[in-house]
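Novice: The residues making up each chain are set out below.
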Amino acid sequence: MNEQDFAELAAGHALGSLSPEDTEAFETARRQHPEWEHHVTADAATAALLADAVVDVTPPPGVRAALLAQIAASASSGAQSAPEAALIEQPLPLRSDRRAPDSEQEHGKARRWGPRFWFALAASLALLVGVGWGSVFVSQQLNTPASVIALDQIEAADDAQSATAMLPDGGEVTAHWSESVGKAVLVSDGLPAIADDESFELWFVRGDAAISAGTFAAEDGSATVLLAGAMEPGDVIAVTVEPAGGSPTGQPTSDPIVAITTA
Amino acid sequence: MLVCVVIDGVYVPEEGGAPIDHAGELLLRVADGDQTAFAGLYDMLSPRAFGLILRVLVDRSQSEEVLQEVFLEVWQSAARFAPNKGQGRSWVLTIAHRRAVDRVRSAQASTDRDVRAGLRDIGVAYDGVAEEVELRIEGKRVSEALATLSDPQREAITLAYYGGYSQSEIAALVGAPLGTIKTRMRDGLSRLRGEMGVTT
Chain A
1 MNEQDFAELA AGHALGSLSP EDTEAFETAR RQHPEWEHHV TADAATAALL
51 ADAVVDVTPP PGVRAALLAQ IAASASSGAQ SAPEAALIEQ PLPLRSDRRA
101 PDSEQEHGKA RRWGPRFWFA LAASLALLVG VGWGSVFVSQ QLNTPASVIA
151 LDQIEAADDA QSATAMLPDG GEVTAHWSES VGKAVLVSDG LPAIADDESF
201 ELWFVRGDAA ISAGTFAAED GSATVLLAGA MEPGDVIAVT VEPAGGSPTG
251 QPTSDPIVAI TTA
Chain B
1 MLVCVVIDGV YVPEEGGAPI DHAGELLLRV ADGDQTAFAG LYDMLSPRAF
51 GLILRVLVDR SQSEEVLQEV FLEVWQSAAR FAPNKGQGRS WVLTIAHRRA
101 VDRVRSAQAS TDRDVRAGLR DIGVAYDGVA EEVELRIEGK RVSEALATLS
151 DPQREAITLA YYGGYSQSEI AALVGAPLGT IKTRMRDGLS RLRGEMGVTT
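Sequences listed follow chains A and B, in order. With the working numbering, the residue at position 222 of the first sequence is 222, and numbering never jumps. With the working numbering, the residue at position 127 of the second sequence is 127, and numbering never jumps.
Be a bit skeptical, because a hint or two may be false.
[Stated by the list, open to error] Partner residues aside, some chain B positions facing chain A, computed with beta carbon under 8 Å:
#, residue
1, Tyr42
2, Val101
3, Gly164
4, Leu192
5, Arg193
[What the hints assert, rightly or not] Heads up, incomplete: computed chain B residues facing chain A, CB under 10 Å, no partners named:
#, residue
6, Gly33
7, Glu64
8, Trp75
9, Ile181
10, Lys182
11, Thr183
12, Leu189
Don't read these hints as lab results, they were simulated from the structure. Each residue gets a CB set at the ideal place from its N, CA and C atoms; glycine is no exception.
Based on the sequences and whatever the hints tell you, model everything.
Specialist: Printed below as a string of structure tokens:
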């Protein structure tokens, strides 16, 4: 990539309009060429001025009240006192009892400890520590859902791969994975609505066997989920609709609504 | 007597001197966990941020959620704000724009999005900007800068920033090759930078 190409990407980035592939190319080039960073800074500053052409709208007072309550709760490190509204960026719940044995890694633990804990811990960290890079990075990581961290890791890997399948009614499900990172993330849009007492369940279909990779809920049909357990080359990633919390038998009880071949 | 004009948290002393980045100063205090500073920053910038998010997302309840996410992120990552790299105001509004666009992308299948797609948006986007900016001095400056762009450049930038459309969506909407859209954005943004005197 030459500097002209990079300047083009930087402009698209500042306007928030890059495709995922271009975003990846942009971030890679940005790391490789710190001497081009001035394009990024200048374009971001210019784009932010565009916000001046928008009419101010006073948000409802409830938002302010909720935010102040959230930060107060997090600042006092009351891990259990954070109000429900604090859980905006919560990781999707994954049931630990459905987890493959080899998934007891950091992210697995992070999920089971729950977002309130991380939110409170991260906020306390932010209070305790100075402005050191490392600590900022850590606190940022703690506040980012594991699925998003994993997706970043995958996309930064040289062997990042993805495959997309369409749902019958127009939705789209994309699997992102990397062997070197050893993780797979499913990004779904337009998932069908399911009943309150149902969950989506993820599966690695390996030969004739289906291995559960956790359950998830979708928000307005969208979800970004880190698959629990290790993916193997050639696995098919499938999603089924199961009773809430996952199939009681440990095996799919319905046909997959989508299946993605990763071979 | 020192008379100050306040533009979005940047105090511009009328008797000259460098503008004071009030939002940036608040951010530095927020980074230290100062909740009062956070409330002050919210009061200062939330109407602009909310206006921007609403502009991109249209849906009001989703915009409220995103606004909340934005200020939570501000609270959590204020330590990353580097005063030498830009103003606090831009920093917050950049987060607001990114989060609004992320939400648009993740909700792409929603009906809202379908309603908004279509060529009529192009006209609305710019005309809307033109009438709104009458309201504020700094908005007028942006509108004047936008007016110096070629129509295709302005169209590409408007659809991307205010409409939340990706480059490939814009290419499809206006029927131009993707490469052309990319070039228009770069050239248009460079031009805007010059017109608005952005120095970094």
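Novice: Are the hints correct? Go through all of them and say.
Specialist: To see whether the hints hold, each was checked on the structure:
For Tyr42(B), the shortest C-beta to C-beta distance to chain A is roughly 6 Å, which falls under 8 Å, so the interface hint holds. Annotation: interface hint on Val101(B) holds; nearest CB of chain A at approximately 4 Å, less than 8 Å. Here the hint on Gly164(B) is kept, as its CB sits about 7 Å from the closest CB of chain A, short of 8 Å. Hint on Leu192(B) holds. Least Cβ distance to chain A is approximately 5 Å, under the 8 Å limit.
Interface restraint check for Arg193(B): the shortest CB-CB distance to chain A comes to about 4 Å, inside 8 Å, so the restraint holds. A distance limit of 10 Å between C-beta atoms decides the matter here; for Gly33(B) the minimum to chain A is near 4 Å, and the interface restraint holds. Hint on Glu64(B) holds. Least Cβ distance to chain A is approximately 6 Å, under the 10 Å limit. At about 5 Å, the closest approach between the beta carbon of Trp75(B) and any beta carbon in chain A falls short of 10 Å, and the interface hint on this residue holds.
Taking 10 Å as the C-beta contact cut-off toward chain A, the hint placing Ile181(B) at the interface holds, the least distance being around 9 Å. At about 5 Å, the closest approach between the beta carbon of Lys182(B) and any beta carbon in chain A falls short of 10 Å, and the interface hint on this residue holds. Checking Thr183(B) against chain A: minimum C-beta separation of about 7 Å stays under 10 Å; hint holds. Look at Leu189(B): its Cβ gets to within about 4 Å of chain A, closer than 10 Å, so that hint holds up.
The structure meets every hint from the earlier list without exception.
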